[in-house]
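**Student:** Read top to bottom, the protein sequences are chains A and B. Mind the numbering: the first sequence is residues 1 to 503 in full-length UniProt numbering, read in order. Mind the numbering: the second sequence is residues 1 to 935 in full-length UniProt numbering, read in order.
Honestly, the hints are just simulated from the structure, not real lab data. Even for Gly, the Cβ is constructed at its ideal location relative to N, Cα and C. Incorrect hints may appear among the rest.
What the hints assert, rightly or not - Under the rule of at most 27 Å between Cα atoms (straight-line distance), these lysine-lysine pairs were calculated in the DSS-like manner:
#, chain 1, residue 1, chain 2, residue 2
1, A, Lys132, B, Lys80
2, B, Lys242, A, Lys32
3, B, Lys36, B, Lys63
4, B, Lys877, B, Lys803
5, B, Lys393, A, Lys283
6, A, Lys258, B, Lys501
7, A, Lys283, B, Lys423
8, A, Lys283, B, Lys466
9, B, Lys74, B, Lys63
10, B, Lys36, B, Lys92
Said to hold, decoys possible - To spell it out: a stretch of chain A is covered by chain B in this simulated footprint if at least three of its residues, at any positions, have a beta carbon under 8 Å from a beta carbon of chain B; those stretches are:
#, stretch
11, 55-63
12, 184-195
Spelled out, the chains give:
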Amino acid sequence: MLAMDQGVVEEWLSEYKTLPDSAVSTYAASLKDKGALVPALYKVIRENYSDLLEPVCHQLFEFYRSGEPQLQRFTLQFLPELLWSLLSASAARDPHTSGCIEALLLGIYNLEIVDKDGQSKVLSFTVPSLSKPSVYHEPSAIGSMALTEGALANHGLSRVVYSGPHLQRETFTAQNRFEVLTFLLLCYNAALSYMTSTSLQSLCQLSSRVCICGYPRQQMRRYKGISTRLTVTSEFLVQLITGIHYALCNGEVELGSKALDDVLYRSQLELFPEALLVGNAIKSSLRGAALKSNNKEGARSIQVEITPTSSRISRNAVTSLSIRGHRWKRHDAVDLGSPDELMDISEVDEGVWPGGVGPDITPPTITISNSVTTLNLGAKAMKKCRLGGRTSKDKDKESSFLTTGRAASENTELSVKRLTLTSSQSVPKGGALTSLTRTASAVFSRSFEQVASGNAPPSSNHTAAETARYSCSLQEEGVGYLSPAPNHTQRSPSISVHLGSDL
Amino acid sequence: MTARKSGSRLETEIERCRSENQWDKIPELVRQLSAKLISNDDLGELLLGECKLQTYLKENPIKQGASPKGPNPKLVEVRKHLTAALDRGNLKADYLQEASLLMAKLCYVEGEYRDALDHYSRVNLDDMQLVGAPVYRLSMIAEAYATKGLCLEKIPVASPSLSNKNTGSPASNKGVTEREQEIITCYEKSGDIALLYLQEAEKVCLSGIQNRSPKPGPTTQDQELGYFLETGLQRAHVIHFKNGNLTQGVGRFREILRAVETRTTQNLRMTIARQLAEILLRGMCEQSYWSPLEDPPTVSPLDDPTQQGHTLSKNYSISRLIMCENTEEALLLLLISESMANRDAVLSRIPEHNNDRIISLQSASVVYDLLTIALGRRGQYEMLSECLERAMKFAFEEFHLWYQLALSLMAAGKSARAAKVLKECIRLKPNDPTIPLLAVKLCIGPLHWLDEGECFAKMVIDMGEKAAEFRAKGFLAIGLVYSLKATDASLRSTQEDYQRKALGAFQRAQSLSPTDHLAAFYLALQLAVSRQIPEALGYVRQALQLQGDDVHSLHLLALLLSAQKHYHDALNIIEMALSEYPENFNLLYTKVKLEAMCRGPEEALLTCKHMLQIWKSFYNLTNPSDSGRGSSLLDRAIADRRQLNAMTLPDFSDPETVSPTSPSTFSTISSPLSSPSSPVFFCQPPPFPPPKNPSFLPPLLPHIPHPPHIPHPPHIPDPLHVPHPPHVPHPPHVPHPPPAPTKTRTHSFLHATSIAASRVEQALSEVASSLQSSAPKHGPLHPWMTLAQIWLHAAEVYIGMSKPAEASACTQEAANLFPTSHNVLYTKGQIAELRGNIDEAKRWYEEALSINPTHVKTMQRLGLILHQLQRYSLSEKVLRDAVQVNSTAHDVWNSLGEVLQAQGNAAAATECFLTALELEASSPILPFTIIPRAL
């Protein structure tokens with residue numbers, strides 16, 4: 001250790017002692033300007049046998065105890081280096097050298113685990129829930145959420161303890177060592193933004209060394225220090241990873257990625273799921289991001305790019321959203337295929353004619369032409385409802401459905417179960433007969449649109465049959481049946497709309 | 001003054017088309033317009049120019065990052081139209097402005113930035129009216145600001161070299177910062193007006209839907225923002241972050257996110273929410289965080305009164321979620337982002353949608369990775385596993401998502417599911433040795449699926465050299481599987497077979513990785529179990545050289561020394577180990593035994609008292625409603641590292657049930673019964689049940705464990721002074737499900753039943769405790785099992801001192817917790833024996849065996865009693881069964897010898913005595929198998 005460094009440190013030691021209380025905050029602010037001090041202190045900590053170590057540790061503890069945030073952060077920046085000193089000394093079974101470092105670390109720990117009133121501190125945070133409005137969202141805009149057990153349990157805002165309460169500790173033992181160190185790292189991570197790049201580098205080195213010492217990878221990294229394996233805990237590694245993540249994104253790309261690799265290597269060997277989980281996530285999330293190396297004055301820069309705002313997913317792809325309104329069919333699911341396919345089905349249905357057609361019944365009648373694609377949808381749905389169907393045998397392939405009220409009421413229950421509209425176009429779903437008519441009208445209006453916008457009416461001299469091709473009648477009251485079959489050229493007095501030359 | 005007010009029908013139609021970007025209809029409308037009035041010609045020129053420019057941009061969109069190219073022949077006409085409109089000067093003021101803005105835009109497209117700026121300076125953008133302006137004009141103004149910003153960025157302040165901001169001379173630096181500020185102001189205004197435009201446009205669109213039937217033609221949802229608006233919305237924060245201006249960038253992000261969302265901005269919001277979360281996680285810490293409702297550390301200089309209050313910001317009241325930590329805000333943003341990403345999951349697998357699938361997968365996995373980082377930091381693995389479960393719709397053949405799910409399940413303690421997911425991971429990535437090893441870890445730990453474990457371990461071994469460093473781990477794993485199987489096996493030959501296999505595997509592991517202390521340790525343990533004490537000592541020393549403070553190695557060393565009858569040395573080792581692990585109950589149990597042996601029972605009782613104190617300080621501290629698994633990293637550190645290790649041996653002195661019981665300890669923890677009480681605690685003081693004495697409970701529930709009361713001082717009588725505690729009734733009958741055991745029992749299923757017994761024991765006490773609806777179930781059982789064991793140890797010491805009253809009081813404390821534990825019943829039997837109550841003792845032993853038919857110590861005592869009752873053949877039968885179960889129990893052999901001698905079978909008796917003698921010489925003070933075996 002150079003005499004100059006020693007001088008700097010000694011000056012620092014004496015200066016603070018003579019400081020009046022009122023000057024503490026200005027002193028804290030002025031610490032930044034002492035360029036030579038911090039490297040000199042690092043040297044003191046690294047050289048375990050230095051005479052200065054004990055007074056330095058003592059003063060660092062005094063800084064921490066002062067409660068002045070800047071002074072506390074000044075102490076915290078040395079934490080990674082102190083941890084390494086402690087761990088390497090304990091691995092070398094050399095307990096005497098690290099006595100004052102142990103005292104400093106335990107002192108910080110014992111200060112941090114209690115609040116101002118001396119009560120055990122419990123660190124907790126609120127788990128946000130999308131079911132509660134926040135400054136950023138309205139629950140209604142999110143749409144339905146999965147009703148998992150956890151979602152229900154977290155329906156209210158809940159606070160979760162993530163650290164504490166902790167016991168006061170007088171000494172380090174093998175049992176409590178990592179518990180204390182993990183908590184100290186948690187404190188360090190809470191102040192990461194204020195840490196210098198030297199401190200972050202030191203953290204990365206600490207992580208690498210803790211993880212590889214005594215393992216084959218140590219040769220690869222060419223680290224020559226202690227070569228005994230250090231025990232670690234998964235939680236300790238997770239805290240290290242949190243710090244490494246910050247370092248990685250704030251200029252320490254090279255050391256950071258090395259450290260991350262080493263921690264992951266160790267977690268694999270130790271089979272620690274927690275550390276693997278977080279480490280893998282960081283690795284994968286940074287894969288795409290171009291990390292900027294620490295090229296100029298420790299620039300901590302996180303870059304964002306302008307991203308396209310339009311959805312990059314093509315419109316016709318089936319997504320979770322597009323099938324949200326979809327009702328899966330329970331029985332004999334048939335894919336909505338080409339009209340021809342549907343035609344086949346309707347042909348199979350030929351001749352099926354419900355028996356209960358009587359003149360005394362006034363049913364709501366729905367007639368849907370089979371020859372327009374959108375109408376097929378409806379036709380198929382009708383068939384699914386088993387409201388009775390019949391397909392005429394003529395070449396027009398019209399199908400007409402005639403339903404009697406009784407048949408319908410008999411089948412209402414069935415229809416509740418079986419009415420399943422296979423459609424991504426959100427055709428209104430119907431459970432009962434009334435909604436069926438609505439369904440039909442929806443289908444009808446769609447076909448109307450299609451015809452209106454697409455086919456211009458060709459001419460005025462249609463045959464009745466041709467008119468019927470484009471007819472869709474919705475009849476809620478009136479005469480018992482409607483049949484556009486060719487042998488019934490006369491139309492029923494029903495509320496029916498015909499698209500033809502008259503429009 | 002606006003077109004809306006003065007508009008004829010035609011003008012309204014034109015306005016609508018402009019707002020809805022239906023440029024193809026404009027020419028026709030212009031024709032109609034010109035037909036009406038000649039003075040409309042200028043307006044027509046403007047509209048034609050606009051529509052041609054927009055059509056051109058639609059067909060040739062400007063890419064982000066690309067600079068516009070020079071003059072374009074296709075745009076000549078546009079210029080002609082606009083020049084015509086501007087030159088004649090007949091236009092109304094606001095149309096004139098529009099023409100200028102369009103002209104400036106054209107200039108930008110052609111790369112003439114200075115001209116563009118000239119046009120903007122003529123218009124004075126800041127004076128343009130926003131309130132009540134037609135929708136298209138909002139868009140136009142927003143674009144104008146963005147374009148102005150783009151132009152300003154292109155044109156250096158004074159000298160060309162100044163585009164590099166760091167090399168500017170001090171004199172021009174001021175100009176540079178002013179310019180930068182101007183640029184940012186332009187973009188921020190552009191962004192704000194763009195948001196306003198989108199909100200207004202959606203309003204118009206919605207009212208349109210309500211008022212008229214849906215219009216044919218392109219729906220407004222199709223709207224895309226285009227280059228200029230996208231730039232306006234995002235360029236400001238991009239510049240902030242580029243300049244390292246985190247505070248302002250974050251502020252800008254929050255402003256955008258707080259604007260009322262519109263359909264068009266959904267993708268933008270998703271991206272920005274994710275980006276903000278990224279920044280909160282990567283660039284901030286708890287101390288540098290400020291909440292979105294607080295003022296940022298530096299106030300943004302943008303305070304233009306004409307622009308403020310136009311965009312609709314959300315009204316937030318106190319009832320809204322208020323964040324006070326960066327992880328919280330990040331988490332909320334990620335959950336929002338996740339819900340959107342999830343919605344866009346492309347489900348169809350047809351090849352045409354390959355690209356879409358990749359896009360949706362990428363955007364989702366970024367979000368899930370960030371969620372993992374945020375939740376992992378806070379130890380919320382339970383919630384994380386649920387989130388990742390939602391990611392499974394993306395996960396087909398995606399290794400990363402499967403693996404992360406498996407790890408999160410493992411971390412959340414959902415072991416069985418984790419093992420199944422790991423199986424899929426192995427299929428997707430068969431060459432990674434870590435995955436099967438993780439599976440083995442689950443199988444031999446919480447799950448106790450030894451056959452599956454063997455299968456997974458073999459996978460690692462089969463990888464051979466490819467597994468590299470993990471090969472030794474593979475042998476270690478299979479060794480552990482065999483070792484546990486040997487403990488479970490009921491047939492002696494199978495036991496020995498497995499022990500041999502285990503030994504071989506451990507030797508392999510040790511030779512492959514001589515610096516791994518675990519290999520040496522497990523080799524030592526296996527040798528010790530097969531009673532090769534000197535060899536075991538050699539390896540345990542080796543393990544200790546590699547890892548001096550390994551608690552299990554130290555424990556094993558002490559047990560090995562006790563097997564050699566060096567009790568004092570063993571006690572010294574234990575005390576040394578305890579100085580490093582003062583709260584390890586496992587070591588303390590051994591200490592009690594050794595102290596009773598070397599220093600007398602008083603010392604042992606002191607240790608028992610000390611254990612109770614440790615227990616109390618430990619579990620009193622943790623919040624009662626928060627002792628669930630996974631509540632926090634550090635909580636779990638405490639719970640897992642220390643207590644679970646200690647608690648894998650609920651049958652402190654019973655080698656058979658050691659391993660089978662451990663899985664049930666774990667499985668209760670991960671069972672749904674305990675999950676509701678897990679990590680969450682609400683911000684209210686935990687309900688403290690009224691302190692009533694457990695024994696004053698209704699007589700029907702005499703043995704219900706009453707967890708909340710135990711840690712409180714009044715209920716922990718000092719084990720040293722246990723008079724006749726008035727509150728301990730001595731129940732003549734413990735209500736057991738099965739009646740007294742029958743004398744003849746088949747033992748072919750011995751071990752299966754013993755596993756079942758321990759599980760039943762747990763289930764029963766769980767049911768019992770859940771019967772008390774007033775007291776919620778307080779987390780996992782293991783703290784209570786520890787307590788019960790401490791009491792039983794104390795009872796045993798008292799029995800050794802021939803003090804039945806005290807022993808009985810201690811036992812009763814344990815019985816209050818676990819009334820149907822065979823250990824409790826066994827101890828009661830011993831007390832009865834001590835009192836000379838042979839019949840009662842016999843009844844207790846029989847009851848203990850009815851719960852756990854393979855409890856060797858009970859069998860031995862029962863055999864002795866039967867011997868005393870001169871029912872020799874039955875006694876012989878019981879003892880022979882006991883020997884089958886555990887062939888190394890020397891006192892059973894001894895008793896068997898005595899029975900055989902009494903029956904006159906001297907030769908066989910001699911053999912038994914010799915075996916007993918031989919075994920006794922290598923018998924440790926507690927079975928070696930109390931040391932947990934886990935990967």
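**Student:** A separate judgement is required for each hint: does it hold in the structure or not?
**Tutor:** Hint check results:
no.	hint	verdict
1	A:Lys132 with B:Lys80	violated (56 Å)
2	B:Lys242 with A:Lys32	holds (25 Å)
3	B:Lys36 with B:Lys63	violated (40 Å)
4	B:Lys877 with B:Lys803	violated (32 Å)
5	B:Lys393 with A:Lys283	holds (22 Å)
6	A:Lys258 with B:Lys501	violated (40 Å)
7	A:Lys283 with B:Lys423	holds (23 Å)
8	A:Lys283 with B:Lys466	holds (23 Å)
9	B:Lys74 with B:Lys63	holds (18 Å)
10	B:Lys36 with B:Lys92	holds (17 Å)
11	55-63	violated (count 0)
12	184-195	holds (count 7)
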